[in-house]
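Modelling step: build the complete structure from the supplied sequences, incorporating the hints.
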Amino acid sequence: MRLADLAWPDVASRAASGAILAVPVGATEQHGPHLPLSTDTDIALALCDRLSEKRPDVLVAPAVAFGSSGEHAGFAGTLSIGQEATELLLLELGRSAAETFGRLLFVSAHGGNAAPVARAVARLRAESRDVEVFQPRWDGDPHAGRPETALQLALRPSSVRMDQAVAGDRRPLGEVLPLLREGGVRAVSRTGVLGDPTAATSEQGQALLGSFVTQLVSHVDGWR
239 MRLADLAWPD VASRAASGAI LAVPVGATEQ HGPHLPLSTD TDIALALCDR
289 LSEKRPDVLV APAVAFGSSG EHAGFAGTLS IGQEATELLL LELGRSAAET
339 FGRLLFVSAH GGNAAPVARA VARLRAESRD VEVFQPRWDG DPHAGRPETA
389 LQLALRPSSV RMDQAVAGDR RPLGEVLPLL REGGVRAVSR TGVLGDPTAA
439 TSEQGQALLG SFVTQLVSHV DGWR
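According to my numbering, the sequence shown is numbered sequentially starting from 239.
Because the hints were derived from the structure by calculation, they are not lab data. In this text, a Cβ means the ideal position worked out from N, Cα and C, and glycines have one as well. Any given hint could turn out to be false.
[Claimed, not checked] Derived CB-CB ranges, DEER-like:
| id | residue 1 | residue 2 | range |
| --- | --- | --- | --- |
| 1 | Pro410 | Met239 | 32 to 42 angstroms |
| 2 | Ala364 | Arg462 | 13 to 23 angstroms |
| 3 | Pro410 | Ser449 | 37 to 47 angstroms |
| 4 | Met239 | Arg409 | 35 to 45 angstroms |
| 5 | Arg462 | Ala353 | 18 to 28 angstroms |
| 6 | Arg408 | Leu244 | 39 to 49 angstroms |
| 7 | Leu317 | Arg375 | 23 to 33 angstroms |
| 8 | Lys292 | Ser251 | 32 to 42 angstroms |
| 9 | Ser251 | Asp287 | 36 to 46 angstroms |
| 10 | Met400 | Leu317 | 16 to 26 angstroms |
| 11 | Ser397 | Ala242 | 18 to 28 angstroms |
Below, the structure written as structure tokens:
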């Protein structure tokens, strides 16, 4: 169930019964010529919704749709608030959420948010707040390639333009990482794609999504 659909007395009752607040953390950034800017946010929100379906004690907060996406500068539509602002946003959000909820879960589906999310969680824990984080990981193409394209085909097929899907830089992430840090994605891929999305299918996306949901449920079940 989504938090925004409830009135405050309903939230108070659920929180008193031990509800967990799950916060989807995404981004608004380019994902090649074939995927929407909302891709990371869509994935984070889908994972939280499916967790809530498996565990009725989970409420899903409105998604945080902006994050640290500076590496995608130069591609139209990318909206980045940077690492410091992302950390501060999650820190203050966590402090506010802790006034109602005993447990808070960040589900972050954008790799560029990893560092600020980790710092925000560390600070919240240092303030004695009960916070966890889940970040889906996959092998292979790191950005707008087969895995993310497959996930979007499973989640929102109408938003995927497979006729525009093209292969980008296919070198391993470790090999291109120094170039990415120096010049962003633009330095290695004019399309914004790292990998090859052209063979992605909805079936692959469903399988990957199912794996993530299983991992997420297990993570929450093991909390405490």
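Against the structure, the hints come out as follows:
no. : hint                                 : result
1   : Pro410 to Met239: 32 to 42 angstroms : holds (41 angstroms)
2   : Ala364 to Arg462: 13 to 23 angstroms : holds (18 angstroms)
3   : Pro410 to Ser449: 37 to 47 angstroms : violated (22 angstroms)
4   : Met239 to Arg409: 35 to 45 angstroms : holds (43 angstroms)
5   : Arg462 to Ala353: 18 to 28 angstroms : holds (26 angstroms)
6   : Arg408 to Leu244: 39 to 49 angstroms : holds (46 angstroms)
7   : Leu317 to Arg375: 23 to 33 angstroms : holds (24 angstroms)
8   : Lys292 to Ser251: 32 to 42 angstroms : violated (21 angstroms)
9   : Ser251 to Asp287: 36 to 46 angstroms : violated (21 angstroms)
10  : Met400 to Leu317: 16 to 26 angstroms : holds (25 angstroms)
11  : Ser397 to Ala242: 18 to 28 angstroms : holds (22 angstroms)
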